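> The lines below spell out each chain.
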Amino acid sequence: MNKKKRPKHLALHQIQLPLPAFVSILHRISGAVLFLALPLLLLLFDQSLRSIETYTNLAENLAHPLLKIGVLGLIWAFLHHFCAGLRHLAIDLHLLPTLAAARSTSKLVLGLSLALTAAFGVKIW
Amino acid sequence: MVNRIVTGAHYGLRDWLAQRVTAVVMALFTLSVGVYLLLQPAFGYDSWTELFSGNVMRSLSLLFLLSLFYHAWVGVRDIVMDYVKPHGVRLSIHVLVILALVLYTIWSVQILWGL
Chain A
1 MNKKKRPKHL ALHQIQLPLP AFVSILHRIS GAVLFLALPL LLLLFDQSLR SIETYTNLAE
61 NLAHPLLKIG VLGLIWAFLH HFCAGLRHLA IDLHLLPTLA AARSTSKLVL GLSLALTAAF
121 GVKIW
Chain B
1 MVNRIVTGAH YGLRDWLAQR VTAVVMALFT LSVGVYLLLQ PAFGYDSWTE LFSGNVMRSL
61 SLLFLLSLFY HAWVGVRDIV MDYVKPHGVR LSIHVLVILA LVLYTIWSVQ ILWGL
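Taken in order, these protein sequences are the chains called A and B. Here our numbering is used: the first residue of the first sequence is 1, the next is one more, and so on. Here our numbering is used: the first residue of the second sequence is 1, the next is one more, and so on.
Calculated directly from the structure, the hints in this document are not laboratory data. Warning: the hint list may mix true and false statements.
[Unchecked claim] In silico DMTMM-like links for lysine to aspartate or glutamate, alpha-carbon gap of 25 angstroms or less:
1. A:Lys8 with B:Asp82
2. A:Lys123 with B:Asp82
3. A:Lys107 with A:Asp92
4. A:Lys123 with A:Glu60
5. A:Lys68 with B:Asp82
6. A:Lys68 with A:Asp92
7. A:Lys123 with A:Asp46
8. B:Lys85 with B:Asp15
9. A:Lys123 with A:Glu53
10. A:Lys123 with A:Asp92
11. A:Lys123 with B:Glu50
[As the list claims (entries may be wrong)] Some chain A residues well away from chain B (every beta-carbon gap over 10 angstroms; in silico):
12. Leu10
13. Arg28
14. Ala32
15. Pro39
16. His64
All of these numbers come straight from a predicted model, not from anything done at the bench. Glycine is no exception: its CB is placed at the ideal position from the N, C-alpha and C atoms.
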């Protein structure tokens with residue numbers, strides 16, 4: 001059987017990820033980041049509860065600007081994963097049947113998680 | 001011929017549903033704890049340990065963490081199935097992830113009950 005060779009014209013510079021796809025890949029990336037951060041997060045939880053000394057020590061260490069940026073990154077990963085996940089549940093319940101709804105809620109997820117991250121940033125600075 | 005591989009998703013509804021059930025458990029827990037912490041007038045070591053001092057809260061926290069670990073397993077397995085094709089490598093990563101998550105579970109119990 002002869003398979004017809006078809007030419008491919010993938011103009012990569014013209015192909016844009018649609019907004020819902022962008023939210024989706026960020027959901028995956030933020031999930032992977034959160035998984036990789038699990039041992040660190042459990043360590044922080046452990047240190048925060050163990051004793052007043054480890055708690056104070058932890059609070060002092062986390063006051064470092066670089067670590068604050070790292071924590072803020074994890075907060076964004078959590079918030080984005082959380083909001084995108086809720087959107088996913090809404091899709092499963094057939095609450096977002098139209099393309100327009102899919103697009104507008106994608107914007108909402110991106111905006112809300114960034115805004116909440118900024119609010120946390122203001123609080124810890 | 002049925003083409004099933006040991007590092008596949010087991011082709012069922014179970015994990016799809018588990019991913020959503022664990023998500024709802026985690027969402028309810030984080031929202032409740034988040035609102036509770038926001039309503040605290042002053043936050044410090046005492047109020048933080050006080051929150052985790054009762055067996056009910058410890059059990060709910062463990063339920064949250066178990067949901068998290070199962071959720072993480074399904075998510076990581078999906079990512080690995082998408083990007084890692086050689087079965088040997090895939091199986092090795094799967095085993096390492098499962099072992100890590102089981103260790104995290106033991107560690108969580110130790111943290112929450114202060115062993």
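> All hints are to be evaluated individually against the structure, with a verdict given for each.
Hint check results:
1. A:Lys8 with B:Asp82: holds (24 angstroms)
2. A:Lys123 with B:Asp82: Roughly 38 angstroms between the alpha carbons, so the hint for A:Lys123 and B:Asp82 is violated.
3. A:Lys107 with A:Asp92: holds (19 angstroms)
4. A:Lys123 with A:Glu60: holds (16 angstroms)
5. A:Lys68 with B:Asp82: violated (33 angstroms)
6. A:Lys68 with A:Asp92: Not OK: A:Lys68 and A:Asp92 at ~36 angstroms, beyond 25 angstroms, violated.
7. A:Lys123 with A:Asp46: Distance ~23 angstroms between A:Lys123 and A:Asp46 Cα, so the pair holds.
8. B:Lys85 with B:Asp15: holds (21 angstroms)
9. A:Lys123 with A:Glu53: At roughly 23 angstroms apart (the allowed maximum being 25 angstroms), A:Glu53 and A:Lys123 satisfy the hint.
10. A:Lys123 with A:Asp92: Not OK: A:Lys123 and A:Asp92 at ~34 angstroms, beyond 25 angstroms, violated.
11. A:Lys123 with B:Glu50: Given that 25 angstroms is the threshold and the Cα spacing comes to 23 angstroms, the pair holds.
12. Leu10: holds (20 angstroms)
13. Arg28: violated (6 angstroms)
14. Ala32: The assertion about A:Ala32 is violated, with a minimum of 6 angstroms to chain B.
15. Pro39: violated (7 angstroms)
16. His64: At roughly 20 angstroms from the nearest Cβ of chain B, A:His64 sits farther out than 10 angstroms, so the non-interface label holds.
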